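As a plain string of letters, each chain reads:
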Amino acid sequence: MNETRSIRVVAAGVDAPTMARIAQDAGGGRVEAAALGDMQGARLVKKGQADYYIGTCWSGGGGALAAATAILGAKQVGIVGTPGMVVTEERVRTMVGEGRIAFGFAYEQTTTAIPLIIKEILAHRDAQEGRADDQ
Amino acid sequence: MTSDLTADEAAHAQIIEEFADRLEMLEESGQVSKLARRLTELALADLAVDLGLRFTEENSAQFVTHLAIALTRINRGDPPIELSAVAEEEVAERTRERDAVARVMRDCAPVLERTVPDPEISYMTVHLCSIVDLQSEQGG
Numbered sequence: 001m002n003e004t005r006s007i008r009v010v011a012a013g014v015d016a017p018t019m020a021r022i023a024q025d026a027g028g029g030r031v032e033a034a035a036l037g038d039m040q041g042a043r044l045v046k047k048g049q050a051d052y053y054i055g056t057c058w059s060g061g062g063g064a065l066a067a068a069t070a071i072l073g074a075k076q077v078g079i080v081g082t083p084g085m086v087v088t089e090e091r092v093r094t095m096v097g098e099g100r101i102a103f104g105f106a107y108e109q110t111t112t113a114i115p116l117i118i119k120e121i122l123a124h125r126d127a128q129e130g131r132a133d134d135q
Numbered sequence: 001m002t003s004d005l006t007a008d009e010a011a012h013a014q015i016i017e018e019f020a021d022r023l024e025m026l027e028e029s030g031q032v033s034k035l036a037r038r039l040t041e042l043a044l045a046d047l048a049v050d051l052g053l054r055f056t057e058e059n060s061a062q063f064v065t066h067l068a069i070a071l072t073r074i075n076r077g078d079p080p081i082e083l084s085a086v087a088e089e090e091v092a093e094r095t096r097e098r099d100a101v102a103r104v105m106r107d108c109a110p111v112l113e114r115t116v117p118d119p120e121i122s123y124m125t126v127h128l129c130s131i132v133d134l135q136s137e138q139g140g
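Sequence order for the protein chains is A and B. Counting from 1, one number per residue, gives the positions in the first sequence under this note's numbering. Counting from 1, one number per residue, gives the positions in the second sequence under this note's numbering.
It cannot be assumed that every hint is accurate.
[Stated by the list, open to error] With a Cα cut of at most 20 Å, we get these calculated EDC-like pairs of lysine to aspartate or glutamate: (1) B/Lys34 / B/Glu113; (2) A/Lys46 / B/Asp21; (3) A/Lys47 / A/Glu32; (4) A/Lys75 / A/Asp51; (5) B/Lys34 / B/Glu17; (6) B/Lys34 / B/Asp107; (7) A/Lys47 / A/Asp25; (8) A/Lys47 / B/Asp21; (9) A/Lys75 / B/Glu28; (10) A/Lys46 / A/Glu90; (11) A/Lys119 / A/Glu129; (12) A/Lys119 / A/Glu90; (13) A/Lys75 / A/Glu32; (14) A/Lys46 / B/Asp8; (15) A/Lys75 / B/Glu27; (16) A/Lys119 / A/Glu32; (17) A/Lys46 / B/Glu24; (18) A/Lys46 / A/Asp25.
[Unchecked claim] Negatives, chain A to chain B, calculated, CB over 12 Å: (19) Thr18; (20) Gly48; (21) Ile71; (22) Thr88; (23) Arg93.
In short, the hints are calculated from the structure, not lab data. This structure is a prediction, so every number in the text was calculated from the model and none was measured. No residue lacks a Cβ here, since even glycine has one placed at the ideal position from N, Cα and C.
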C-alpha cells in the first residue's frame, strides 16, 4: 500500500482565508489548504510545493486565474464558474481529469465550487492510486 | 494646479514601481495589452489622488489585476460580462466610489475607443470599495 499524502491546496482571491477553510473542511483530513497571494500561491504550485490552486474574483473571468495563467500556463488552468455559468460536477471532473491544476470561479460561487473541486480532486487521486496499486 | 500635478505625478510613479512585477507578468503572458497596462497605471494614480488612497501590492493586487484584464477585454471588444447581483448589491450605496470609477473610465473611453459598460464599472467599484474600507479600518 502506498501511504497517502495530503493534497496541498492554495487559495487566492476574495476572502482567501474562508476559501482555504472550506477546502480543508471539504477534504475530510486529506487536504491541507492555505490562503496566499495569487502570485505566491501560483509559484508554490509551479515549484511543486503545492498541488492545486483555487482562485476567485468577483466576475470569475478576470483576476481569478490571471496570475496562475501567467505562471503555470493556460493549459493548466480552467474557469469552472462565473456569475453567468453555474459550476457543474461534469465541468469540474473534466478539467481535473485533463490534468488542470488551477481552478477559478466567481466569489459568490465559493461555497458550491470548492467542495465540488475538492471532491473531484480526491476522486482523481483515488483513481490514480488505485491504478498504481494494481500495477 | 501645480500641486495637483505634482500629486498626480507622485502617485503615478508610486503605482508604476509598486505594480511593475504584476503588470509585467500579465503583459508578458499576453493577458494584458500594453495600452491596458498604461491605462491601468494612469487610472490608479487618478483614483489614488481623487480618493486619498495608497494602492499597494498588499491591499490592491486583486484590483490592479482585475482592472488591467478588464481594460484589455474592453479594448478588444469582447462580449459584455454578466453582472453579478451580489456584486451590484455590494456597491449599491457606494456613490462616491462608483462616481470616481465612472469618471476615470469616461477619461479612458477615447483611448480604448469603447465606452466602458456599467457592469464593468460595478466590478471595478467592488474592488475599490474593499480597499477604501480596509484603509478606513486601518485609520488611513
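The hints, checked one at a time:
1. B/Lys34 / B/Glu113: holds (15 Å)
2. A/Lys46 / B/Asp21: holds (17 Å)
3. A/Lys47 / A/Glu32: Given pair lysine 47 of chain A, glutamate 32 of chain A holds - Cα atoms ~17 Å apart, limit 20 Å.
4. A/Lys75 / A/Asp51: holds (15 Å)
5. B/Lys34 / B/Glu17: Holds, at roughly 16 Å.
6. B/Lys34 / B/Asp107: OK: lysine 34 of chain B and aspartate 107 of chain B at ~17 Å, within 20 Å.
7. A/Lys47 / A/Asp25: violated (25 Å)
8. A/Lys47 / B/Asp21: Given that 20 Å is the threshold and the Cα spacing comes to 19 Å, the pair holds.
9. A/Lys75 / B/Glu28: Since the Cα atoms of lysine 75 of chain A and glutamate 28 of chain B sit roughly 16 Å apart, the hinted pair holds (cutoff 20 Å).
10. A/Lys46 / A/Glu90: Distance ~26 Å between lysine 46 of chain A and glutamate 90 of chain A Cα, so the pair is violated.
11. A/Lys119 / A/Glu129: Judged against 20 Å, a Cα distance of about 15 Å means the pair holds.
12. A/Lys119 / A/Glu90: OK: lysine 119 of chain A and glutamate 90 of chain A at ~12 Å, within 20 Å.
13. A/Lys75 / A/Glu32: At roughly 24 Å apart (the allowed maximum being 20 Å), glutamate 32 of chain A and lysine 75 of chain A break the hint.
14. A/Lys46 / B/Asp8: violated (38 Å)
15. A/Lys75 / B/Glu27: holds (18 Å)
16. A/Lys119 / A/Glu32: holds (14 Å)
17. A/Lys46 / B/Glu24: holds (18 Å)
18. A/Lys46 / A/Asp25: This hinted pair is violated, its Cα atoms lying about 24 Å apart.
19. Thr18: holds (14 Å)
20. Gly48: holds (20 Å)
21. Ile71: violated (7 Å)
22. Thr88: At roughly 17 Å from the nearest Cβ of chain B, threonine 88 of chain A sits farther out than 12 Å, so the non-interface label holds.
23. Arg93: holds (24 Å)
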